[in-house]
Amino acid sequence: MKGIPLLILIIFLFSCQTLPLINSPVSPVDEKALTCPSPFLKEKYRLVHAIETRVTGDTQSAIIGVTMADPSTRFISCAIMTAEGMVLFEAESGPGTLKITRALSPFDSADFAKNMIEDIKLIFFTPEGKIQKKGNLPDGAAICRYLEGNGDWIDVITDKSEGTAIKRYSSAGILKRQVKFNKTTGNIYQSIELQANEVLNYSLLMTLIEAQPVESELLQKE
Amino acid sequence: MRTRCNLYIFVCIIAGIFLVLGSLNYARANDFEQLRKESANIKTIQAHFVQKKSLKILSKPLISEGRFYYAAPDSFRWEYFKPLRNIVIANKNNTKRYIASGGKMVEDKTGGAQAMKIVLNEVAGWMSGKFNQNPSFAATINEGANIKITLTPTEKSMTGMIEKIEIILSKKSATVQSVKIIESANNFTQINFDNVEINKAINPSAFQDAQ
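Note that the protein sequences, when read in sequence, are chains A and B. Quick note: the first sequence uses my numbering, first residue 1, plus one each step. Quick note: the second sequence uses my numbering, first residue 1001, plus one each step.
Don't read these hints as lab results, they were simulated from the structure. Beta carbons are placed, not taken as given, at the ideal position from N, Cα and C, and that holds for glycine. Each hint should be verified, as a subset may be incorrect.
To be verified - Okay, the calculated bits of chain A under chain B, using three or more residues with CB under 8 Å as the criterion:
1) 77 to 84
2) 141 to 152
Claimed, not checked - From chain A, some residues computed to sit far from chain B (all C-beta separations above 10 Å):
3) V66
4) D159
5) V214
Take the sequences, apply the hints, and build the full model.
The structure is reproduced here in structure tokens:
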């Protein structure tokens, strides 16, 4: 019995090793001067994407996703619809709130809404957590590592040739999500690939249909 | 599964309405029976369409464009060119959806054969002009500058999905002008048809080949 906590500790320590090693600048001045990659929204935006879903690499279906995200308030409004215009899912989320206005099966589980909002935040918002480490990966890519309130780690990485990526790890260092911005010039949200490591691995390939900054027209509408 | 089925019904309703209404030349306000007789003369229909999706989250409607083909008795192709390339093909008892992926069309793997079968039964009613005989919808006709047909779902399976469907027919050209599918007050889809061609030959490959 005494061996169990030790075993858990060993597994935990072993798991943590999956977090990539960051080489921090030797001088604290240099570390402070290092700018973190920021593929995130700077202002309130509305984005419409064609989303191709793949499960274990096989294309399953295609849907249209609409996202309105405000980085200053961390407010998100989103909808999923078919090409025919049928709305399958619609929700709004603010800090600590989640309001689902429409959810048809299989988009009607509580986990789906929560995970979807978390994925949108991961793609479009600067992590809420504190920066724990800045530096470079062994291949030279610039990286900033954030520690989230729930213990998850978020790495934001920029490589001159590979572009920008975001990786979310569990507190144990297990890779849960990987976001890759495939376009290095023009609109960074033109082509986004999100890979989710779940019981059944899936990926979303998002191709931008339209993007526009949002003034206050939604408030006026209301 | 139920959503998938409803989704296909949604697609097919759009198509089915259009098929039936292509023959409204002589339909009068309360003449559903006449409408049913006239629909028997339709062998093929093809048309271009522009779809405008309005949703609270959108500041302006999301515009899609495509083309529609029908050949009696049970073949249709509903194709979107943009922004999301997508084709539904129904031929005899076989209905499939295709999506663009990596430069080619691949079959949508989320649809179920059972759902498709149910949908085909649903569509069959529309195709034979049985407007007021489909228990899923209650139909009314209002005649003004144009003819407006309103369909209201009667079945629980449509609850929360479709509030009503409004079809506008041009009195002048005697063809369908538009279909408006209202899901809720802030959520509706308007489809405007143009270049409608009735009984013009359609290459059979349109109902077999997704490319």
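So, going through the hints one by one against the coordinates:
| no. | hint | in the structure |
| --- | --- | --- |
| 1 | 77 to 84 | holds (count 7) |
| 2 | 141 to 152 | violated (count 0) |
| 3 | V66 | violated, 5 Å |
| 4 | D159 | holds, 24 Å |
| 5 | V214 | violated, 7 Å |
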